[in-house]
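J.: These are the residues of each chain, in order.
2 protein chains.
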Amino acid sequence: MSMSLGPLTGKRVRARDVAQLAGVSRSAVSRAFSQTAYIAPDTKAKVLKAAAELNYSPDSLASSLAKGRSNIVVVVLNQVDAIRGPSFHSALIRSLQESGRLPVVLSLSPMDDGASSLKKHLTFPVEGLIVMSDSVSVDVARHAVPYVRPIMLNFERTRSDVDSIVANDATGVAELVNYLWETGHRSVGFMAGRQSSISSKIRRDALALEIARRGMHLTVEASGEFAYEQAFEAAPALVAGKKPPDAIFCANDVMAFAVMDYLRLKTQHRVPEDVSIAGFDDIFMARWPIYNLSTIRQDVDSMAAAVTGILERRRDPQNRKFDPPTMVTELVLRGTIGRRER
Amino acid sequence: MSMSLGPLTGKRVRARDVAQLAGVSRSAVSRAFSQTAYIAPDTKAKVLKAAAELNYSPDSLASSLAKGRSNIVVVVLNQVDAIRGPSFHSALIRSLQESGRLPVVLSLSPMDDGASSLKKHLTFPVEGLIVMSDSVSVDVARHAVPYVRPIMLNFERTRSDVDSIVANDATGVAELVNYLWETGHRSVGFMAGRQSSISSKIRRDALALEIARRGMHLTVEASGEFAYEQAFEAAPALVAGKKPPDAIFCANDVMAFAVMDYLRLKTQHRVPEDVSIAGFDDIFMARWPIYNLSTIRQDVDSMAAAVTGILERRRDPQNRKFDPPTMVTELVLRGTIGRRER
DNA sequence: GGCGAGTCTACACACGCGTGCAGAACAGGT
DNA sequence: ACCTGTTCTGCACGCGTGTGTAGACTCGCC
Numbered sequence: 001m002s003m004s005l006g007p008l009t010g011k012r013v014r015a016r017d018v019a020q021l022a023g024v025s026r027s028a029v030s031r032a033f034s035q036t037a038y039i040a041p042d043t044k045a046k047v048l049k050a051a052a053e054l055n056y057s058p059d060s061l062a063s064s065l066a067k068g069r070s071n072i073v074v075v076v077l078n079q080v081d082a083i084r085g086p087s088f089h090s091a092l093i094r095s096l097q098e099s100g101r102l103p104v105v106l107s108l109s110p111m112d113d114g115a116s117s118l119k120k121h122l123t124f125p126v127e128g129l130i131v132m133s134d135s136v137s138v139d140v141a142r143h144a145v146p147y148v149r150p151i152m153l154n155f156e157r158t159r160s161d162v163d164s165i166v167a168n169d170a171t172g173v174a175e176l177v178n179y180l181w182e183t184g185h186r187s188v189g190f191m192a193g194r195q196s197s198i199s200s201k202i203r204r205d206a207l208a209l210e211i212a213r214r215g216m217h218l219t220v221e222a223s224g225e226f227a228y229e230q231a232f233e234a235a236p237a238l239v240a241g242k243k244p245p246d247a248i249f250c251a252n253d254v255m256a257f258a259v260m261d262y263l264r265l266k267t268q269h270r271v272p273e274d275v276s277i278a279g280f281d282d283i284f285m286a287r288w289p290i291y292n293l294s295t296i297r298q299d300v301d302s303m304a305a306a307v308t309g310i311l312e313r314r315r316d317p318q319n320r321k322f323d324p325p326t327m328v329t330e331l332v333l334r335g336t337i338g339r340r341e342r
Numbered sequence: 001m002s003m004s005l006g007p008l009t010g011k012r013v014r015a016r017d018v019a020q021l022a023g024v025s026r027s028a029v030s031r032a033f034s035q036t037a038y039i040a041p042d043t044k045a046k047v048l049k050a051a052a053e054l055n056y057s058p059d060s061l062a063s064s065l066a067k068g069r070s071n072i073v074v075v076v077l078n079q080v081d082a083i084r085g086p087s088f089h090s091a092l093i094r095s096l097q098e099s100g101r102l103p104v105v106l107s108l109s110p111m112d113d114g115a116s117s118l119k120k121h122l123t124f125p126v127e128g129l130i131v132m133s134d135s136v137s138v139d140v141a142r143h144a145v146p147y148v149r150p151i152m153l154n155f156e157r158t159r160s161d162v163d164s165i166v167a168n169d170a171t172g173v174a175e176l177v178n179y180l181w182e183t184g185h186r187s188v189g190f191m192a193g194r195q196s197s198i199s200s201k202i203r204r205d206a207l208a209l210e211i212a213r214r215g216m217h218l219t220v221e222a223s224g225e226f227a228y229e230q231a232f233e234a235a236p237a238l239v240a241g242k243k244p245p246d247a248i249f250c251a252n253d254v255m256a257f258a259v260m261d262y263l264r265l266k267t268q269h270r271v272p273e274d275v276s277i278a279g280f281d282d283i284f285m286a287r288w289p290i291y292n293l294s295t296i297r298q299d300v301d302s303m304a305a306a307v308t309g310i311l312e313r314r315r316d317p318q319n320r321k322f323d324p325p326t327m328v329t330e331l332v333l334r335g336t337i338g339r340r341e342r
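So the sequences go chain by chain: A and B.
If you count by the working numbering, then the first sequence holds residues 1 to 342, one letter each, in order.
If you count by the working numbering, then the second sequence holds residues 1 to 342, one letter each, in order.
Just so you know, these hints were derived from the structure itself, not from any lab.
A few of these clues could be false.
[Unchecked claim] These stretches of chain B come out as covered by chain A in the derived footprint (C-beta under 8 Å, 3 or more residues):
| hint | region |
| --- | --- |
| 1 | 50-64 |
| 2 | 91-101 |
| 3 | 123-130 |
A virtual CB, placed ideally from N, CA and C, is assigned to each residue, including glycine.
Using the sequences and the hints given, assemble the complete structure.
T.: Written as structure tokens, this is what we have:
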């Protein structure tokens, strides 16, 4: 299998080498690899045989140049583990490459709004631009690659010149509140994410709405910036009163871990006997027995597939408008939500 | 700032557009953006002004094609959070892009050795190939991109046709063992990573060597596959005897968390009073107060910089041999290593 | 054998850019 | 005024591939 090819063997093999070996013209080689172009079956077979022999495949970049259609998709993020955790990043990358696209990752500094860095680095034609960073605005994205419709995954409000996935966070939150109600919880605290984050706002609004509908009470709120350290610092405020809320909902899982750790390390409150905890995302650590967190799951694989689906539809530019895919959330019940007898 | 450019404004601007606006030839535009080519200062200024006006920068892919030198670097991994955690991935991506390279991420299925998938996806010229997956062998990497010297970060044994970074895991482990010795530990258990992983083997060998040198005892070993779940399952074996080891060293942090969680959830052993725990990597969770893990840190930023440095040196192909950069590790002492009175 | 219809191949150009080379423009010296 | 040297620009070709088009070739029929 590994034929021990010497040190850094020669140059890449080009179409003309294959043509020479197969005894045909270079353009015949090109046609053999094209889906649409016309070519006699036996010439095609001859070419493919020679190509396999030389281990040739067409240079996809030169091909992009010639066709005027690139297969490069740029994924913009701040940190790999920012919004949906590394698992979504993995799923997205894999989905892109399995659909024959080339994922290029662009990582921004935490506070970079991308205005200059996007234009500096995006000096090549792209098929798509996927923005996972919530510090990059729609305007910046549109301006950085004016000839393409960006796919915004930071949940900025929908605009016509932008594609996005409608993450149905509100439904998931409603489901959670309903379960909390049924299990006897009446007062709820909320740990918010970043101020600028739309998803944090969506989750908070849904929480407030559903709570009000049932006559429950949103008793206390704090902001944890989506990060463990800040949430740990902010946690005391959530249980400061004489009576802590029945349950605390955190805008993501990591902050839920911080609240749990604060409660067990610094207070006498037990989870879930005294305080119930719920998170959002269902990252891999939520299943660890020490947390065993009840949370709202985003299906990262179907989200990634949805992104690829958008790119697929947008290949035909006359698809002006179509329904943005809606992502379903799932309430995952583990051990951090108890029952309150009434 | 955001001048509300209409919906999907026209095509990309090319060099000839700039040339026309500046009143020069297209090649003058090209020269204006070149570092080496000769051009009169005022023509250059004229061109750059026109370029700024049109928001132009040269297509880096077409440029690669023309120069016969690509700036694309492919990063191969299994999962984003596989070997060194997402933080190294972030650091590497950023280091690459800041050095003007284009990072393309290729994510393999967990068991994929890459033999076919690498050849299928790498259909374009690359400047470098960085392999972070330990399921991809040197031979596969060499064969997938025969014209380039891969940079292997899975610590396979050094070969002349491959570049790699010498991660000085052994020194870090020696430092740890020395500290364990000084704090009175005499018996040590080891939680290994994957069988196939070279880094796990390096760490185990270093541990065994240093322990033997001091007349300490490597009393028990288990394998946790670098993963929390498997480590949690394997943890009982480490403390099964009538007397658990004084300390347990885990080949990475995540497995250390699993062992700690097992001990506190399922046994009476306290950390660090009864059993000391040490990990490897210093991922962000190691600082969480519930773990507060003593561990061996890899400096992800300098590792990433080292990778970029290798690419830089290899731009000149006559640099046949140079010393591979050595990464220093640092012993991070937190709360999971206690003192044993003797 | 000649001729028309049909099938396929090779030529040539294009994609956007880098760069060797020839020659234009210009300055300075005699 | 003429020559030499220097400085710069534009022409033209090449990077590897896709594809419209003209024409070569085959085949069948009269």
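J.: Are there at least three residues in the region 123-130 of chain B whose beta carbon sits under 8 Å from a beta carbon of chain A?
T.: holds (count 3)
J.: Given that the region 50-64 of chain B was listed as covered by chain A, double-check it with a C-beta distance under 8 Å for 3 or more residues.
T.: holds (count 8)
J.: Counting residues of the region 91-101 of chain B whose CB is closer than 8 Å to a CB in chain A, do you get three or more?
T.: holds (count 3)
Of the hints listed earlier, there is not a single one the structure fails to meet.
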